[in-house]
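Keeping their order, the protein sequence lines are chains E and G. So for the first sequence, our numbering puts the first residue at 1; every next one is plus one. So for the second sequence, our numbering puts the first residue at 1001; every next one is plus one.
For the record, the hints were derived by calculation from the structure and aren't laboratory data. None of these values were measured; they are calculated from a predicted model. Glycine included, every Cβ here is placed at the ideal spot set by N, Cα and C. Be aware that a few hints might be false.
[To be verified] Pairs of lysine-lysine, PhoX-like flavour, derived with a Cα cap of 20 Å:
no.	chain 1	residue 1	chain 2	residue 2
1	E	Lys82	E	Lys167
2	G	Lys1016	E	Lys16
3	E	Lys82	E	Lys111
4	E	Lys165	E	Lys82
5	E	Lys138	E	Lys120
6	E	Lys165	E	Lys71
7	E	Lys167	E	Lys116
8	E	Lys71	E	Lys82
9	E	Lys82	G	Lys1009
10	G	Lys1009	E	Lys76
11	E	Lys116	E	Lys165
12	E	Lys167	E	Lys71
13	G	Lys1006	E	Lys16
14	E	Lys120	E	Lys165
15	G	Lys1102	E	Lys76
16	E	Lys71	G	Lys1102
17	G	Lys1102	G	Lys1127
18	E	Lys76	G	Lys1306
19	G	Lys1306	G	Lys1102
20	E	Lys165	E	Lys111
21	E	Lys111	E	Lys167
[What the hints assert, rightly or not] Label pairs and their computed distance ranges (CB to CB):
no.	chain 1	residue 1	chain 2	residue 2	range
22	E	Asp214	G	Ala1081	41 to 47 Å
23	G	Ser1178	E	Asp196	57 to 63 Å
24	E	Ser176	G	Ala1077	33 to 39 Å
25	G	Ile1087	E	Glu192	49 to 55 Å
26	E	Glu192	G	Ser1178	55 to 61 Å
[Claimed, not checked] A short, non-exhaustive set of chain G residues, derived as facing chain E with CB atoms under 10 Å:
no.	residue
27	Lys1006
28	Thr1014
29	Lys1016
30	Leu1018
31	Arg1067
32	Arg1069
33	Ala1071
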Amino acid sequence: MSSDLEARGVHAWFTKHHALADISLTFNAGSVTALIGPSGCGKSTFIRTLNRMHEFIPGAAMAGEVLLNGKDIYEKGIDVTKIRLQIGMVFQKPNPFPSMTIGENVLSGIKLAQLKVENKDDLMEECLVRAGLWKEVKDRLDSYAGGLSGGQQQRLCIARSLAVKPKVLLMDEPCSALDPGSTLRIEDTIRELASDMTIVIVTHNMQQAARISDFTAFFLSDGGPGHLIEVGKTNDIFSKPVDKRTEDYVSGRFG
Amino acid sequence: MSTEIKPQKPWQATPKELAYPTFIVIFSAIAAYLTILGSPMNGKLAFAFLFFAFSTTSMFIYKFRLRGRQAAIDSLAGSIALTGALIVFAPVISILVTTIVKGAPGLHWSLFTETMFSASYMDPTDKGGLLHAIVGTLYLILLSIIISVPMGILTALYLTEIKGPGSKFIQFTVQAMSGVPSVVAGLFIFAAVILTTPLKASGIVGAFALSILMVPTVTRTAQEVLLLVPNDLREAGLAMGATQWRTVASIVVPAARNGLLTATILGVARIAGETAPLIFTIGGSDKLNLNPFHDYQGALPFYVWKGLLLGTPESIQRAWTGILILLILVLTLFTLARRFGSRKVGK
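Isolated chain G, as found in the complex (with noise of 0.2 Å):
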């Protein structure tokens, strides 16, 4: 009887709605290039700001002429907003399109399947590749997740479920730790490792310099997720009879698996690209090396920085394609994480 009733938006804009706001947008994107035309000031930087006040002030004046004062200041917050969205999404964007265009053009087949063992940095971009750098860096990513992330959710679980003595200790240290310059964990990994045992430079004490990194902010990225985990569910876990161990791996953990697995995905993405901590604690290898347990290992952000502080044309371009590689490495590793890892939690 109702098939021929059609569910339908009434609250969304019509197109004759949107004519308004879309001729202020074009009609701001002419004034404030007709502007700079006319006037001393030029450059994208004057053109987005007075795009912003041309759009603003429009759009302020038809929505008080159209629903009065509270709905025009309404229009403006929303403006502000879209502003500083725009304004914090842009670098993004242009880190994104810079790295393609600067990184592209040294792009072959061969950097992933040869090392710089046969090549030199100052050789034309063809010769040579990153396969050493590449098995490095999943080395290093491997072996500091499966250092930290285990120590930073037990951290976090202590911390929030446990509430042991010490709480507020380790809390302010996690705090403290989080601060450490990056430079400072490679030294410090350095001094306490390579000098005093018998471990040498490798990809394993690489990964204890990032691991230092990467502990506290898989630790307070966990500890949040676990407190919004509703008290309701842990009562409802301890009232059936189960001891809290019980609660927290079959209750807690799984409600916040989703967020547990952000935690690693922002360890990651806080190590992938340190160099500093690397410096003296992988040896900077340009051969392959399987073995991450024994002699030099080298990385992405390494060999980046390698090129860079060289300085010649090639050394440059490969320094610029390395980010590349490393940028589409860790967004594969994300991708791949968020696609296998998370699981929809029903309503």
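This is chain E alone, in the form it adopts within the complex (with noise of 0.2 Å):
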């Protein structure tokens, strides 16, 4: 199910501005990547180059290429609305339709996709589980998103963004603004999903990192644009550092 995504000499400009330099990581199938660094680094940046969110930027540009399972998704021609619909986001802020119920959030994406489902209610019941929300929505499906706590809305996202069945999913700080209990329990689901997913998560959370990821990247930026500094398995990262700075920024001398 799951898939390998590479990213091959991807810079990023917003207008002039030279955001992100010369990005070349290749993320396995079924693993997890955090990318870490301190704000500013272009780590969202590169995360939306991941999946063509970066174009909706007015003034926007890139270079480089994003392969998917071999194949260029910036390539000419390509369907972009396909590319989404097997690289899936969670953003940093919940946000389900709060027009929709909890039970047509999590089946938002085959209704937009238009894609053709067997049997719904089975896919909902199963998104549901592996975000880790079933237990605490089962009996309220129909009423209204909205009603939910913060943490409840961002595994309704993760949820929702399962339904399409993608093959990447990319996180945005997806437990920022979320208590230690839902952060735990988003972090249980990330482990879990990561069986048949590959798992891209920008995250400030050091020890999030530590706990979630199979690999860690570093990014920083001096001034200039943002580039890679690091990456390596992530118990390499944080006990042996091969850079520097990498050493400074995991034990938290700076950033």
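Build the complex: two chains, separate frames, hints provided.
Encoded structure:
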């Protein structure tokens, strides 16, 4: 089910501002990769180039290639909506659709992409179970999503993105607005999803990166565009980083 | 190291990808033209309809073959939205072009230096001028702004910030007021001011009548833009110990500044071309009157109305030229307001 995603020499610009320079990273199928680094180092920009959300910003430009199973998603003539169907995204702030009930929210991707599903109820349950929300909402699937707590809303958003069966899931600081309990539950969810999904997660929480990721990439901007300092197995990055700056950052000496 | 790498926009259509849609547009135009030649249909409207039908259908088929059903529906929705925008846009362009074409032959420098006191509407158009009407309209706009903008913005502040007693009733009244026919506004001021007070028909009385139309527009627009100011900002101000007045004056109003300017512009746009409220209230003098508080005043819409009413070729030409001048005047005012009034609010 999961797929390899590879960035090759990715640059990003906002009008004239060079925000991201020469990022090459491989995300192996079924792995969790954490992107860490101080604010403004281009992590979020990078993650948005991975499912072609970067181009919505006026004045945006990029260079390089992003390969999904070896095929460039920026290739001419490619259907971008199909790309985003395969590379899902969970945003920083929970954003369930307020006009839909909990159940409708989960199935919204199916409706929006007009996919055919055998049994909608089964799919709804499966997604909510995998997102760790089923037990809490199974009796009120018909009530509106706005009544859920922040953590529940974010898990609903994860369940929503699972329904279209993406091969890659991008998460942009999904826990930054949540309490520790909800955060832990989402981390469990992420670990479980990794069995058949490639996950890329941006996080400011070093412990979170250490707990959930297989690989960690450290981004940094020293005045100029953000670039990749170091990438490796999470254990190595946290215990014996090669670069002095990585060591300083993960040990909390700056950033 | 990365100097040789150029920013690219791979999501933009290449010339090759644009070739097909361009071909479709040209093909549809030719096909529509030929259909009109070979059928009883004729006229611009038939051409526009056929062009829309041909281009939408061929675009639909093209997208369907390229990407399938959903992309085709997407392009259809896009085409319909574009057509809607064009339908709205066309009359605006038509009005502008008609006004310029019909108004331009009557343009003379003397329009800005002379008044109609020395000439008759039936005289050739190089006799007499519009100075009295331009001055009158500027006075009317200025006085209406002075009366209506503070009233409108204060009402909007009461309704959105203070939400005090009577808000519902005031809201209802403002809404009802925006539906008042403009001639009623003129009649009301005639009855309430000219007949009962020592004030006689003059610029200020005209501005009273126009304000009745302008206040609801300013109030409702100002209210909308004040509601757009995030509540977080108000709370942030209050949380630092500010009074409500300080919060509103130094945070809410500055944040809504551009929108309040828009409210003013919309208000001016509402009244600049009004004739009916002026008929009973300004006297419609043909003489230059620099004192808006005393004696009859002229105005551009009034001049246009008078010219059209007389119906001779010269007077109708004068009316068109008057409309053109009014248009230029209003556009200049709006451009100046936007240029000097708006400030970029940082992200």
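Problem - Holds or violated: Lys71 (chain E) to Lys1102 (chain G), with C-alpha atoms at most 20 Å apart - result: violated, 61 Å
Exercise for the section: For the pair supplied as a hint, Lys1102 (chain G) and Lys76 (chain E), confirm whether the alpha-carbon distance does not exceed 20 Å. Expected result: violated, 50 Å
Exercise for the section: Decide if the proposed pair is consistent with the structure: Lys111 (chain E) and Lys167 (chain E), CA atoms, cutoff 20 Å inclusive. Expected result: holds, 19 Å
Exercise for the section: Return the status of the interface hint for Lys1016 (chain G): holds when the least beta-carbon distance to chain E is below 10 Å, violated otherwise. Expected result: For Lys1016 (chain G), the interface hint holds, since the closest Cβ of chain E sits about 8 Å away, which is under 10 Å.
Practice task
Would you mind confirming whether the straight-line C-alpha gap from Lys165 (chain E) to Lys111 (chain E) stays at or under 20 Å?
Solution key: holds, 13 Å
Problem - Hinted contact Ala1071 (chain G) with chain E - closest CB pair below 10 Å - result: OK, holds: Ala1071 (chain G) within 10 Å of chain E, min 7 Å.
Practice task
Would you check the hint for Lys82 (chain E) and Lys1009 (chain G), treating anything up to 20 Å between C-alpha atoms as holding?
Solution key: holds, 19 Å
Practice task
Determine whether the Cβ-Cβ distance between Ser1178 (chain G) and Asp196 (chain E) falls within the hinted range of 57 to 63 Å.
Solution key: holds, 59 Å
Exercise for the section: Given the hint that Lys167 (chain E) pairs with Lys116 (chain E), test it: the Cα-Cα distance must not exceed 20 Å. Expected result: holds, 18 Å
Exercise for the section: Would you mind confirming whether the straight-line C-alpha gap from Lys1306 (chain G) to Lys1102 (chain G) stays at or under 20 Å? Expected result: Judged against 20 Å, a Cα distance of about 17 Å means the pair holds.
Practice task
Sort out whether Lys71 (chain E) lies within 20 Å of Lys167 (chain E), counting only the CA atoms.
Solution key: holds, 14 Å
Exercise for the section: Would you mind confirming whether the straight-line C-alpha gap from Lys1016 (chain G) to Lys16 (chain E) stays at or under 20 Å? Expected result: violated, 27 Å
Hints 2, 15, 16, 18, 30 from the list above are not met by this structure, while the remaining hints are.
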